[in-house]
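A.B. asks: Next come the chains, spelled out residue by residue.
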Amino acid sequence: MADRDVTLECQVDLGRGLVLPNPIGVASGTFGYGFEAERMGTISGLGAIYTKGTTLLPRSGNHPPRIAETTAGMLNSIGLQNPGVAVVAGEYAKRWASWPVPVIVNVAGSDIPDYVAVCQRLTGIEGVAGLELNISCPNISHGLDFGTDPAQAGRLVEAVRGATDLPLLVKLTPNVTDITSVGRAVEAAGADGVTAVNTYVGMKIAVPQRAPVLPGLGTAGLSGPAIKPLALAAVAALRRALGIPIVGIGGIGSAEDALEFLVAGADAVQVGTANFYRPGIAAEVLEGCLQFAQANALSSWRDLRWRP
Amino acid sequence: MADRDVTLECQVDLGRGLVLPNPIGVASGTFGYGFEAERMGTISGLGAIYTKGTTLLPRSGNHPPRIAETTAGMLNSIGLQNPGVAVVAGEYAKRWASWPVPVIVNVAGSDIPDYVAVCQRLTGIEGVAGLELNISCPNISHGLDFGTDPAQAGRLVEAVRGATDLPLLVKLTPNVTDITSVGRAVEAAGADGVTAVNTYVGMKIAVPQRAPVLPGLGTAGLSGPAIKPLALAAVAALRRALGIPIVGIGGIGSAEDALEFLVAGADAVQVGTANFYRPGIAAEVLEGCLQFAQANALSSWRDLRWRP
Amino acid sequence: MTASSQPSAADLVGESDLTLAVEEVATCLGVDSLGENLFEVLVLAPRIQSLAEPGQFAQLLVDEGPVPLLRRPFSFSRSDPRSGMVSFYLAAVGQGSRRLSRLRPGDQLRMLGPLGRGFSLPETRGTSVVVAGGLGAAPFPLLMTRLLQGDERVVFVNGARRALELYPEERLPRGLSSLVVRTEDGSRGQAGRVTDGLLDLMKGADRVYACGPNAMLSALVEIWEETGPGVERPRLEVSIEAPMGCGFGTCLGCAIPLRLPSGDPAEGPLGLCCRQGPVLDGRELDWPRLLLQPSHLG
Amino acid sequence: MTASSQPSAADLVGESDLTLAVEEVATCLGVDSLGENLFEVLVLAPRIQSLAEPGQFAQLLVDEGPVPLLRRPFSFSRSDPRSGMVSFYLAAVGQGSRRLSRLRPGDQLRMLGPLGRGFSLPETRGTSVVVAGGLGAAPFPLLMTRLLQGDERVVFVNGARRALELYPEERLPRGLSSLVVRTEDGSRGQAGRVTDGLLDLMKGADRVYACGPNAMLSALVEIWEETGPGVERPRLEVSIEAPMGCGFGTCLGCAIPLRLPSGDPAEGPLGLCCRQGPVLDGRELDWPRLLLQPSHLG
Ligand SMILES: Cc1cc2nc3c(=O)[nH]c(=O)nc-3n(C[C@H](O)[C@H](O)[C@H](O)COP(=O)(O)OP(=O)(O)OC[C@H]3O[C@@H](n4cnc5c(N)ncnc54)[C@H](O)[C@@H]3O)c2cc1C
Ligand SMILES: Cc1cc2nc3c(=O)[nH]c(=O)nc-3n(C[C@H](O)[C@H](O)[C@H](O)COP(=O)(O)OP(=O)(O)OC[C@H]3O[C@@H](n4cnc5c(N)ncnc54)[C@H](O)[C@@H]3O)c2cc1C
Ligand SMILES: Cc1cc2nc3c(=O)[nH]c(=O)nc-3n(C[C@H](O)[C@H](O)[C@H](O)COP(=O)(O)O)c2cc1C
Ligand SMILES: Cc1cc2nc3c(=O)[nH]c(=O)nc-3n(C[C@H](O)[C@H](O)[C@H](O)COP(=O)(O)O)c2cc1C
Ligand code: FES
Ligand code: FES
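Residue numbers (our numbering), protein chains in the order written: chain Y, 1 to 308; chain D, 1 to 308; chain P, 1 to 298; chain F, 1 to 298.
Among the clues, some could well be false.
[Stated by the list, open to error] Ranges of calculated distance between the beta carbons of each label pair, as one might list FRET restraints:
1) P:Glu64 with D:Ala206: 21 to 29 Å
2) F:Arg98 with P:Val25: 14 to 22 Å
3) F:Val25 with Y:Ser300: 29 to 37 Å
Think of the hints as simulated: they come from the structure by calculation, not from any bench. All C-beta atoms in this analysis are idealised placements derived from N, C-alpha and C, irrespective of residue type, glycine included.
Hey, can you work out the whole structure from these sequences and the hints?
C.D. replies: In structure tokens:
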């Protein structure tokens, strides 16, 4: 970027020392822990990597089938398969320490002590740039309990805030009547920013089988281009309600999409499902955003923001 | 259908005497009051017509632009443009009286007396087969107040129930944490059935303008294939929670789609946005469903229902 | 957000004349590339062709898949009763128009039409001034063909930002009384806006037909105002655009701001572009409000 | 819904070998229609061709638009080092495969590959029995070509429900020691299931390779069990399917049920089809659980 004649401030400051080199990150659960991308050579240039949801103990995840395609979207019910925080903090972080991109660990749990323990274990570990608290997983029992109740969400964030000084994002679920009330609760409890949104509860039916395609209740999380308009509305609503940074996500697969989120009020964005069908796309998204910034002589990404 | 060797019971009984000739209806706001279709010759064979949302007084609707396309979906913010109940009850109903399809009037309002007055005006009018209470319009102020609060929804339905003996469906909004709690409240208050779902709150951004495409807050209702998985999950959840009939809707554009809703737990369905890009499609949807029923020797549409 | 005026029931009761609209599976005959990103798409659609009037449009289902979801409205550009062909003149600018420009002969697509109110044709012979801004030329080959069949004197003002955006002269019907070419950058014809010098042309005309960006149409209406008072003004018809969900009066998505019939500058009612339009009397429209609307013509 | 066994960290840490996977924009060379809805799609993809091993697959981006959204995995069917061509053998059954079957020469599409673990090739010469059920033949032309290059004795059992669903004989590599054709309805070759008479063939084999519907593979594994004990059993490798989100080990969507290494009938861990597979030792899989999975092979 040195040779561009743009005076754009490309970095994004999410607070508490978490400064991303650029606003285009890759979303939790769509980039693993970064190691596949490392091998495929698609890491450099990322604004941030948000890891797969990580729990205290290893989890083997839900029974297959776990995914199904819908119109311009996909349903997933992975069930937080992950190796547990010991492996992440003990082995993975070492490898991240040498990467040119901040790695933010997505943390999941089923009660407050769980979340706190995971966050504590990750605190002070070189290679861990921040935490993203997943209070919005639709695919495990009680996964949405914290995310749908402002009071519970506030309590959780308060507890975690007391246990770590790492930059703390809270990932919100859109499956609520009013996402801003949860947003306000976690802001008040000390979150440095919010990530919006996680997946929407959806279902696909196999007509010949007269049953859902996915097991159990048949529900799973919908992601992909189909949800982009919904996620944009959520981000815009949060922007009006909150003072802290917002990381926008939902259906982003192009520079145009990313810019839409920045206009709606996001400070940074994440590319999610698109990593599956266009591995390496985040770099193209960034490139397109930079071109737009140059063509429009932006001095900061905030210049894009809608000011009603 | 006489010459099919299927013993299928094609009719659907929604209660209180409202028997639809078949489960495939057309959705409120996507079929006007049926008069365009009458001219285009696409009325016969429909299971039901659910009219445009009708209010006590005429409404001229929201300022343009009112619609925008998204990936596999459309956003609308029509704002309930309609001629008011006097015209509907006084002029339109006469014309419906001779149609071979039940017409169910979709009713909207901003407070309980409003709704009650509209419903009373429509009661006893020949040509009006039933009412669909729209407590879920995202495009007018307070449009969602009733739909997002079980207690308010219950009170409204109770009041309307007391004022009319017409078959009464209540159209639910999916923009809630728990659609079943609203569903249970309206069931307890005397609704004969629920329609699920209305549109999802969404937004589209015009990047060059650095603002939403649609005016005001920029939000509007998302419909179309993009929302089908979400609507299916809502219908399945309602099916577990309620005993009354469910009219399923959201992204239906083919027989396969309609069958998915019947499996998920709907008793009847509505074709919405697809009426715009495939006028007349409801007849094709019905035809496909009948073929499926024959090939699978269904004796009733209920045979399709998922029984977990 | 609600438009303030209470509409009369009559406004809202208005029904589209759809008895003539038909759904037809058209067959692509070919796509002519007219330089840069302009195209004329020719399709065989004999039923619709036999019904299509100048200024009306068809709703084209660009893709059977769900992206893009909605049909796209296009004005009939040319129409050939012998072959059953109609054509659409378009710029490949977005999802729908780009796919149309890539159709191959033999490809099929669903069309609904004809829709909307077209241009009114003269009852007696006279002079028509037809003003096109860029893509706004689309409906005029058909209109002018019909005008000329009625022995109308037709003056065509073909304007655009630059030569490459002009409707190609060689596709114009023969027999125009006069052809004025204007480009903003002077790359072809006279340099200037399409509205330059229009007043004189209008003064001698019985009818003015115009289509182009809203800003151009708005300016044109102001110029038209100057043709009076005192003399009998030419009839003024403009073809405008609005985002359309259905094209046949059902979705209520294509609202356009109208002036109060009284001429009162207070906010007037809303109309439906697909029902009252797309061709309207230029005075019916509330131009200041219309200029706030998005338009893909510029 | 959570699988009960606690996985060891090592299971979950497992990383895919992706150092060799490349993204390439392939050019369609043509699509051969093989009767009814079977096709062989030939594409030019020299980089991927040079890396592709039998049993591996590529992820094909069928459409740049968002429908269908996800790439589709296809096994390499044939591979030609001289021309840089690889091919895919497929049935046009759904959104993705139907579009692939309609590609025209010159059309381009993105491919990521090679991905996954392929078949292991013999270190010493011997006899391979290769068993295909219907579409399951897809990976075998390439596998058998490689086997034959190593002077392996190759017996190919080509089975399907009916003649029209058989992999076409004329496309098989030359030099097979034996070709057994079986159709369930007897419309070609011997009437019966592809697994009929397999025990005898397997007994003399050093290796068995199989691909087809899960029910067939499961039956085949049971037959294989009968080859022992007492004698040294042939190595048994099967290629299986799972719905795939990414194809490269990131989405964790392609979970497949494995048996406990101990052979304990208790529920075993889950593996990833795209990482540990799609080719696995037939004994590693938990067949009863796998039979509950959807499979597009039948
Ligand atoms: C009655 C009528 C007649 C028309 N006739 C022609 C014609 O003859 N030739 C022609 O080229 N086009 C015509 N159009 C426009 C045409 O329907 C399409 O809108 C245009 O081709 C762009 O569609 P797209 O799918 O390619 O672009 P999209 O991907 O839909 O959009 C491209 C950009 O244009 C904007 N846009 C698209 N359509 C509109 C609209 N109607 N109003 C405001 N903004 C819009 C979008 O917001 C977007 O920014 C007509 C429109 C109407 C309403
Ligand atoms: C490693 C691997 C290799 C493959 N190789 C081949 C090959 O060589 N030739 C070939 O024809 N196909 C192959 N497939 C299957 C292929 O990827 C597609 O799934 C298939 O072509 C159907 O895709 P579609 O988009 O046409 O159908 P869709 O519209 O996606 O689906 C059609 C129907 O099949 C079901 N289905 C689709 N894919 C799967 C799946 N993977 N598992 C279970 N159910 C499914 C769907 O649920 C639906 O009912 C392979 C799959 C894998 C995982
Ligand atoms: C396969 C898959 C796995 C996911 N796993 C997680 C997870 O572990 N933690 C989390 O917070 N979000 C998870 N998500 C949600 C995404 O991070 C993201 O919020 C969502 O997919 C919407 O963005 P998209 O439309 O760009 O994919 C997952 C999404 C997918 C598709
Ligand atoms: C343009 C438009 C207008 C609508 N107007 C109404 C309405 O007046 N009352 C109502 O209850 N729902 C209305 N709806 C919602 C539809 O009836 C339906 O619930 C929704 O569009 C989802 O179904 P679909 O995806 O099949 O369109 C409208 C939808 C659209 C697209
Ligand atoms: S486009 Fe639907 S009413 Fe005009
Ligand atoms: S397909 Fe994504 S992990 Fe295997």
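A.B. asks: All the hints need checking, so say for each whether the structure fits it.
C.D. replies: Evaluation of the provided hints:
1. P:Glu64 with D:Ala206: 21 to 29 Å: This hint holds: roughly 28 Å between Cβ atoms.
2. F:Arg98 with P:Val25: 14 to 22 Å: About 20 Å separates the Cβ atoms of F:Arg98 and P:Val25, which means 14 to 22 Å holds.
3. F:Val25 with Y:Ser300: 29 to 37 Å: holds, 35 Å
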